[in-house]
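Model the placement of chain B on the given structure of chain A, informed by the hints.
One letter stands for each residue in the lines below.
Protein chains: 2
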Amino acid sequence: MAATGERGVSRRTALGGAAAGVAGVAAAKISSASGAELIAAKKRKVDVVVVGGGLAGLSAARAIRKAGRSVVVLEARDRVGGRTENAKLNKTEVVEIGGQWVGPGQTHVLDMIDDLGLETFDTYVDGKSLWYGNGTLSEYTGIIPPVSSGAVLVEILNALADINAKAAEVPVNEPWNAPHATEWDSITLSTYLDDLGLSDEARGVIELGITSVFAVEPRDTSLLFFVLYVAMAGGDFNNLINTTGGAQEKRIVGGSQAISLKMAKQLGKSVELNKPVRSVRTKGGRVDVKAGSATWSAKRVIVTAPPALVGGIQFDPPLPAARMQYDQRVPMGTVIKTLSVYDAPFWRDSGLNGMTTSDTGPVKLTYDNSPPDGSPGVLLGFIEGQDARDLLAASESARRDAVTECLVRYFGSEAETRMTRYIEKSWAADPWSRGCYGGVCPPGAIVAYPGIVRKPAGRIHWAGTETATEWGGYMSGAIQSGQRAAAEVLAKL
Amino acid sequence: MAATGERGVSRRTALGGAAAGVAGVAAAKISSASGAELIAAKKRKVDVVVVGGGLAGLSAARAIRKAGRSVVVLEARDRVGGRTENAKLNKTEVVEIGGQWVGPGQTHVLDMIDDLGLETFDTYVDGKSLWYGNGTLSEYTGIIPPVSSGAVLVEILNALADINAKAAEVPVNEPWNAPHATEWDSITLSTYLDDLGLSDEARGVIELGITSVFAVEPRDTSLLFFVLYVAMAGGDFNNLINTTGGAQEKRIVGGSQAISLKMAKQLGKSVELNKPVRSVRTKGGRVDVKAGSATWSAKRVIVTAPPALVGGIQFDPPLPAARMQYDQRVPMGTVIKTLSVYDAPFWRDSGLNGMTTSDTGPVKLTYDNSPPDGSPGVLLGFIEGQDARDLLAASESARRDAVTECLVRYFGSEAETRMTRYIEKSWAADPWSRGCYGGVCPPGAIVAYPGIVRKPAGRIHWAGTETATEWGGYMSGAIQSGQRAAAEVLAKL
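Sequences listed follow chains A and B, in order. Okay, so the first sequence: first residue is 300 according to my numbering, each after it adds one. Okay, so the second sequence: first residue is 300 according to my numbering, each after it adds one.
Pulled out of the complex, with its shape left as it was, chain A reads as follows (with noise of 0.2 Å):
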């Protein structure tokens, strides 16, 4: 009975928390069962539900709130951000383990990271580069690592110039109609690079920069994903690999998921954890999304898991079947991010910015991930791709011997030396991302299904970077697409 009278309490406590943002609570039906019966119970009253507390999910809960409506976010975790999470450095001082940076051109995280009143730094770029290729270490400056000949140099331009006008082609609302779409989606983006006849040299730079941004090997996506992705940037493939100037030049005071989290405070009580929606049931103009033992009822429903994701939840009546199809579609890329944490960011006294590129991994790439104040020092590895998923079953401490032996490669034997901690996630193995940075589309899944990736199924609208118009695939991609969804449902309420 003591049981029961606990489980009676917190449910209570649920509903009272859940009125302040819910606009009404109705009771559902009690049967009057016996001991061995199930009641059902009591289902809220919202006008929308959001599925997922990632930034995605809190935007639309925002701007649905702003218009005065009632709404509920559902988050499966105990706690928001989705694919941005801190770990904590110490007792004042965060790392961001998933999503973590922004740059120009990211309208809807800057406005709303200014909305929020948090604040940027910019991420660590003073002092050289590295560049690991071929057995040998050398320092350079910019974007590209210091290549043999002004030929190779000459290539990768080139490439850079062909990727860039491919871009430019894409209607960014409906990729599947760019002039070339089918011929650009029946290729991976390891045939374009085939044919563009590069020499070894040049191919692995730029191999090196699409695995940074998708996390997957270039044989994984169709050209045209990849040109939607760039067009989606504003057009230009060095946006998303820049640090200054790109997707990567500042980093949020407090780390990423403060934009998640102060979101969710005001929210209050419409934010709800540790409650994963399993089944989301439309019937008669209203919508029972049901997350354990609670049911809540909607006018309107907005889903802001990943596609590949949305197959965990069941629909009744079943999603159309080309919604079914696309999201078995959008598989999501492989990385684990890496953090080592030392007494101080020693390569900065020779002179180095912590940022290194690599033709040897696991770890290819590095970034000086310290907080703002430089203490502790952090470096950031990236391993992704093959990389990653060749890496998947290790354990952590084989892991981390991996990832301290490329820094030691690239820094010397004080990256081994002066750790002090050693943080990682491997996004695959969290089940409610099932991988990062994003949903990448293998070669036919855009153009099989037009229009499906953002249309409404009846009352079940859909949001998430990988639904996103600009800036796919990031944070700022996730706002814009949870904002166009509450804007869908609000114009329907």
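Hints are supplied without guarantee of correctness; some may be wrong.
Pairs involving identical chains hold if they fit within one copy or between any two copies, as the list cannot separate such chains.
[To be verified] Using 30 Å as the maximum straight-line C-alpha spacing, the simulated DSSO-like pairs for lysine-lysine come out as follows:
#, residue 1, residue 2
1, K589, K344
2, K561, K427
3, K365, K341
4, K589, K341
5, K427, K724
For the record, the hints were derived by calculation from the structure and aren't laboratory data.
Showing chain B alone in chain A's frame:
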């Protein structure tokens, strides 16, 4: 109270039924909760739970039962058979609206048919086939439509020889270790055909064959997956596309679903319908499998859902990262199977066998699918790949009109005037299949996660035709996979 009483009855019935094929019934904790609390249902103990009552699951259960172990098959639908399904034509005759053919070399399904005392009959092939190309209709015999010149025929034969030569290099148990695995998994099948430099005519014929096998476009799959498929089918692409001598040689008397129906009948109450498995929890040397409000406790579990549907089950602990990622990379093909029923197979009177290949859709492939005695007459029309995707959202009557227009084009006005009934199934719209014929690997999927396709995750084993090594994608592959998984499990019990 009446409702409660009824539920009590149905629960007892289910338990009583299960006991016939279940080792023991263990009472789970029943809390002393009030009427407002859910009570855990009794937990039923078995050696093995099989998730899915298609050919793979039933074959696995049959093997486990034969070894003297207890087993239950949990099937989400209200029927067994998975991607095989019979539709009634009249009181005595059925027609297949799912997978239907068997052919030489498919030993697993042929042996099963023998074991079960079922019979096969020849696909109707007497007479001429039709080819509709460039707006004109012509008759032909054999497997390759009448091409305009010997040169085109040579192109096609050379391509087939090249495909078969490549298939010979692929070890079916470990295609990721094929000598050219990465190279062939880096390009689409479309790119492979591009590189062959075929004439439009030759390419058109080959693409027809490809789409008829996979129900996807050549851009949707990798060369490696394609040649693996050929390798699993005995190493000759002709085996896949042939009627006589190939995978479409024979049908099963009573329809292909009869195989599953008969297996299920023998398994009796060990097969539970309407039991969509939602969670699989491993703890303390046992696995709890939950479907609806019922829970089974097993030593081992065999999951037969295709990879694209595994995400619909919540695993605790979560599946290994590589498994979760692989399952995102095997989307299902797209096919709408249509059956136009006639008072008689009128085309036979004109010396036609009912087979058509066409360059103009949506129906580009037809067969005579009449019952063994030829009454009623049935024309089977396949809508596959992009043709199917383009019609996923169309109404049944719009699709019927489109199909009839094709059949009239091939068989004359009688195809419309003598039609008595139209039957169809869009497999992509079925939430328990989400596509057919099977899962198809886009570039990168096979080499990214070597071995994962069949690697048990703790006590969870994998079956389903997508995990077969012989005749993968076919009924025979499903059975082979179920028997292989059963052997794995039995070795561990």
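A quick look at each hint next to the structure:
Proximity of K589 to K344 under the C-alpha cut-off of 30 Å is found in both arrangements, the shortest distances being 12 Å within a copy and 28 Å between copies. In this assembly of identical chains, the alpha carbons of K561 and K427 never lie at most 30 Å apart, being 36 Å within a copy and 72 Å across copies at closest. Taking the shortest alpha-carbon separations for K365 and K341, only the intra-copy value of 26 Å comes in at or below 30 Å, while the best inter-copy value is 48 Å. In the homo-oligomer, the alpha carbons of K589 and K341 lie at most 30 Å apart both inside one protomer (11 Å) and across protomers (23 Å), since each shortest distance falls under that limit.
When the C-alpha separation of K427 and K724 is checked against a cutoff of 30 Å, the pair qualifies only within one copy, where the shortest distance is 27 Å, while the shortest distance between copies is 62 Å.
Violated hints amount to a single one, hint 2; each of the other numbered hints is respected by the structure.
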